[in-house]
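J.: Sequence:
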Amino acid sequence: MARATPGNECLQKQVPSGMCAVLYDDDGCEGWELPVPEGYTKLEFSNRNDAEAVVVKKGCILTGWDHDGEKESERGEKAIFDGRNFDRSYNYWKNLDRDSLNDKISAVTCECTDPNSNVGVGICPPVPKTACAVLYDDKNCEDDDFKGLVINPNEERSFSLLKSPLNLKYKNEIESFSVRDGCTLEAYNDSDFSDDGIRATASNGDLHVNLDDHPNKKYDNLDGEIESVKSSDESSINTDVCKTSKIFSMKTTAENVDLSLINLENSAKSDENYSELKRNIEEDNMANSTNPCILQFLKLSNRLSIDG
0 MARATPGNEC
10 LQKQVPSGMC
20 AVLYDDDGCE
30 GWELPVPEGY
40 TKLEFSNRND
50 AEAVVVKKGC
60 ILTGWDHDGE
70 KESERGEKAI
80 FDGRNFDRSY
90 NYWKNLDRDS
100 LNDKISAVTC
110 ECTDPNSNVG
120 VGICPPVPKT
130 ACAVLYDDKN
140 CEDDDFKGLV
150 INPNEERSFS
160 LLKSPLNLKY
170 KNEIESFSVR
180 DGCTLEAYND
190 SDFSDDGIRA
200 TASNGDLHVN
210 LDDHPNKKYD
220 NLDGEIESVK
230 SSDESSINTD
240 VCKTSKIFSM
250 KTTAENVDLS
260 LINLENSAKS
270 DENYSELKRN
280 IEEDNMANST
290 NPCILQFLKL
300 SNRLSIDG
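Residue 288 in numbering that gives the first Met the number 0 sits at position 289 of the sequence shown, with consecutive numbering throughout.
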């Protein structure tokens with residue numbers, strides 16, 4: 000990585016909420032900028048073969064390719080920009096003037112993974128933003144007899160055959176799973192959420208876990224033995240707590256808006272009401288508020304990338 004020098008614009012650059020990295024077309028993070036989400040992105044013609052600097056969110060890893068393609072084998076030469084375990088006060092950054100992909104990046108993949116993951120980088124797909132976890136019946140987040148089973152936020156799921164004979168294809172079949180950043184997955188080897196459970200929390204990016212040969216014996220013992228799971232999402236809005244609360248503790252143009260109106264899980268993320276609330280919070284410098292209702296709203300709105 001280039002040495003930090005006074006006046007370097009890269010030191011001041013932030014990665015937008017919900018994004019993984021940012022590409023720039025000039026050294027020093029100047030010129031046009033292109034925020035990159037998690038997953039695979041084919042660059043548009045106006046940005047292709049033009050990037051000369053990158054900023055990667057701490058805890059994330061960006062891979063640049065000199066060709067685009069559905070399969071990794073079709074993408075040609077690659078360069079890796081690793082922001083994991085980066086403990087500076089600013090985000091990881093690099094000028095590409097001495098890199099072979101300077102002005103040659105045509106596509107990128109970006110991933111933010113919890114350091115406790117035991118699956119290789121880039122193997123598992125990101126967990127959908129509206130889900131809390133995904134369960135797989137093969138290692139390395141691969142599908143065998145069924146497509147990855149999505150577990151929604153704050154969902155309990157028992158694979159008891161008494162509840163449904165359709166559970167037969169899930170019971171004692173799970174070999175790997177992914178947990179979205181901010182979520183916790185609990186898994187048990189019985190159908191009533193009680194015996195020999197594990198609790199896996201993703202606190203620094205998505206967590207990807209292979210159960211077989213896991214260093215924690217409790218995880219290893221659950222390989223192909225899971226019969227029930229439940230999830231919790233710390234970014235979900237607790238409407239029971241907040242529905243009668245005014246969300247603002249200081250004057251704002253929306254101070255009389257009740258949180259009972261805010262149910263982001265069931266709203267389109269372009270909903271004007273929610274976008275306006277977010278703007279009001281930001282304009283009144285309330286992003287650092289300790290009000291739990293505001294904190295929950297900000298966490299969920301950022302996760303869904305609501306435009307302000």
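Just so you know, the hints here were simulated from the structure itself, not pulled from any lab data. Where is the CB? At the ideal position from N, CA and C, for every residue including glycine. Certain hints may be false.
[What the hints assert, rightly or not] Below 30 Å or equal to it, Euclidean Cα-Cα: the simulated DSBU-like pairs (lysine-lysine) are:
1. K93 with K70
2. K70 with K103
3. K216 with K103
4. K41 with K57
5. K138 with K216
6. K128 with K12
7. K162 with K138
8. K138 with K170
9. K70 with K41
10. K12 with K41
11. K138 with K103
12. K162 with K128
13. K162 with K103
14. K162 with K146
15. K170 with K93
16. K93 with K146
17. K93 with K77
18. K70 with K162
19. K216 with K229
20. K229 with K162
21. K57 with K12
22. K128 with K170
23. K138 with K128
24. K138 with K93
25. K128 with K146
26. K12 with K138
27. K138 with K217
28. K216 with K170
29. K168 with K217
30. K77 with K57
31. K168 with K229
32. K41 with K170
33. K146 with K103
34. K57 with K103
35. K146 with K41
36. K77 with K170
[Stated by the list, open to error] Label-pair distances were calculated between CB atoms; the ranges are:
37. W31 with D143: 23 to 29 Å
38. N215 with G119: 38 to 44 Å
39. D81 with N220: 29 to 35 Å
J.: Now tell me if each hint is right for this structure.
T.: Do the hints match the structure? See the list:
no.: 1; hint: K93 with K70; result: 26 Å, holds
no.: 2; hint: K70 with K103; result: 19 Å, holds
no.: 3; hint: K216 with K103; result: 45 Å, violated
no.: 4; hint: K41 with K57; result: 22 Å, holds
no.: 5; hint: K138 with K216; result: 17 Å, holds
no.: 6; hint: K128 with K12; result: 25 Å, holds
no.: 7; hint: K162 with K138; result: 27 Å, holds
no.: 8; hint: K138 with K170; result: 16 Å, holds
no.: 9; hint: K70 with K41; result: 12 Å, holds
no.: 10; hint: K12 with K41; result: 23 Å, holds
no.: 11; hint: K138 with K103; result: 34 Å, violated
no.: 12; hint: K162 with K128; result: 28 Å, holds
no.: 13; hint: K162 with K103; result: 55 Å, violated
no.: 14; hint: K162 with K146; result: 21 Å, holds
no.: 15; hint: K170 with K93; result: 47 Å, violated
no.: 16; hint: K93 with K146; result: 38 Å, violated
no.: 17; hint: K93 with K77; result: 15 Å, holds
no.: 18; hint: K70 with K162; result: 40 Å, violated
no.: 19; hint: K216 with K229; result: 20 Å, holds
no.: 20; hint: K229 with K162; result: 16 Å, holds
no.: 21; hint: K57 with K12; result: 12 Å, holds
no.: 22; hint: K128 with K170; result: 25 Å, holds
no.: 23; hint: K138 with K128; result: 22 Å, holds
no.: 24; hint: K138 with K93; result: 34 Å, violated
no.: 25; hint: K128 with K146; result: 18 Å, holds
no.: 26; hint: K12 with K138; result: 37 Å, violated
no.: 27; hint: K138 with K217; result: 17 Å, holds
no.: 28; hint: K216 with K170; result: 20 Å, holds
no.: 29; hint: K168 with K217; result: 23 Å, holds
no.: 30; hint: K77 with K57; result: 20 Å, holds
no.: 31; hint: K168 with K229; result: 18 Å, holds
no.: 32; hint: K41 with K170; result: 38 Å, violated
no.: 33; hint: K146 with K103; result: 36 Å, violated
no.: 34; hint: K57 with K103; result: 24 Å, holds
no.: 35; hint: K146 with K41; result: 25 Å, holds
no.: 36; hint: K77 with K170; result: 40 Å, violated
no.: 37; hint: W31 with D143: 23 to 29 Å; result: 44 Å, violated
no.: 38; hint: N215 with G119: 38 to 44 Å; result: 18 Å, violated
no.: 39; hint: D81 with N220: 29 to 35 Å; result: 32 Å, holds
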